[in-house]
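Chemist: Dock chain B against chain A, hints included.
Number of protein chains: 2
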Amino acid sequence: MSVTDELLVNAERYAASFDQGHLPLPPAKGVAVLACMDARLNVYGLLGLREGDAHVIRNAGGVVTADERRSLAISQRLLGTREIILIHHTDCGMLTFTDDAFKEGIRAETGIKPDWSAEAFADLEEDVVQSVARIKADPFIPHRDAVRGFIYEVETGRLREVKA
Amino acid sequence: MSVTDELLVNAERYAASFDQGHLPLPPAKGVAVLACMDARLNVYGLLGLREGDAHVIRNAGGVVTADERRSLAISQRLLGTREIILIHHTDCGMLTFTDDAFKEGIRAETGIKPDWSAEAFADLEEDVVQSVARIKADPFIPHRDAVRGFIYEVETGRLREVKA
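Chains as they are written, first to last, in my numbering: chain A, 1 to 164; chain B, 1 to 164.
Bound-form chain A, shown alone:
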């Protein structure tokens, strides 16, 4: 039995106890969360979110590339969110390598160099500041006055704000 099959059993249990009725498409709390994909960062649990509350956007590092700017533009323009919470975390995998080395390793193995930046970073706080700045500089995201950046501490479960 694959891990996927195992998780599908959980999904059947979720459906069996499903009693939410009809929830509307726009997030009830009008907020979008952009966070790292890290397995230890449970965005719903941490922020006390429930089904229907918030958009959750995640990727390796919680970085801001064209695709996150796309998701945030859609979130605000079509679905009415107004606040953005950005979350990086301690002990992040993105701190353990460099773009050059990662891409060179892939080139050596596959013969092709990736057409993307790996978005590795060396300083956690600085990358939160950078990511918030990328959002605030984006002309396609209409609401940029409530964008705040945080670091989640995987060791303590604490969320602390990073001030620019």
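Errors might be hidden in some of the hints.
For chains that are exact copies, the list does not tell them apart, and a pair is met inside one copy or across any two.
Said to hold, decoys possible - Once the Cα atoms are required to be at most 16 Å apart in a straight line, the calculated EDC-like pairs of lysine to aspartate or glutamate come out as:
1. K103 with E155
2. K103 with D138
3. K113 with D138
4. K103 with E6
5. K136 with D99
6. K136 with D123
7. K113 with D100
8. K163 with D5
9. K163 with D19
10. K113 with E12
11. K163 with E126
12. K113 with D99
Since the hints were made in silico from the structure, they are not lab data.
Modeler: Coordinates of chain B only, in the frame set by chain A:
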């Protein structure tokens, strides 16, 4: 009090009851989930995930662009995941507009046309098939034999598989 401030109170409660000890960086279940950012799709709840179990990658639509390929490459190459679960869902916002109209609206308002595709789609099942195909065609993602696509039904809480 902003919504962000309200969620920070929840985060303090989470930290106060935090008792996970040290969880390792690589996901315990060796799986990466790629899903839509939709507020009604609670990936942890649906799949029964706990802190430390799985990478969770999310964006508007649960689509596969360069940034998702980057996250999946990092997930597998640096952090050892081997299976991929892709989840779209019914009543998705991406079914309600077209790329051309969305980008033209932004151009009319800001004077600048976005440098990204909005990735809207007209057929839900077909986009799951497309997204799985994009992953399977990616030369930088090493493990592509366990990639499965699903549609989450926001009306029933049920997860159903889409076969290519």
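Chemist: Please go over all the hints and tell whether each is borne out by the structure.
Modeler: Here is how each hint holds up against the structure:
1. K103 with E155: Classified as neither; 30 Å inside a copy, 42 Å across copies.
2. K103 with D138: Between copies only: 15 Å across chains, 27 Å inside a chain, cut-off 16 Å.
3. K113 with D138: Between. Shortest inter-copy distance 12 Å satisfies the 16 Å Cα cut-off; intra-copy 28 Å does not.
4. K103 with E6: Intra 33 Å, inter 41 Å, cutoff 16 Å: neither.
5. K136 with D99: neither (24 Å within a copy, 23 Å between copies)
6. K136 with D123: neither (20 Å within a copy, 33 Å between copies)
7. K113 with D100: Within one copy, since 10 Å is at most 16 Å while 31 Å is not.
8. K163 with D5: For K163 and D5, the Cα distance is within 16 Å only across copies (15 Å; inside one copy 43 Å).
9. K163 with D19: neither (40 Å within a copy, 28 Å between copies)
10. K113 with E12: Answer is neither; intra-copy 41 Å and inter-copy 43 Å both fail.
11. K163 with E126: For K163 and E126, only the intra-copy Cα distance (10 Å) is at most 16 Å; the inter-copy one is 43 Å.
12. K113 with D99: within (11 Å within a copy, 29 Å between copies)
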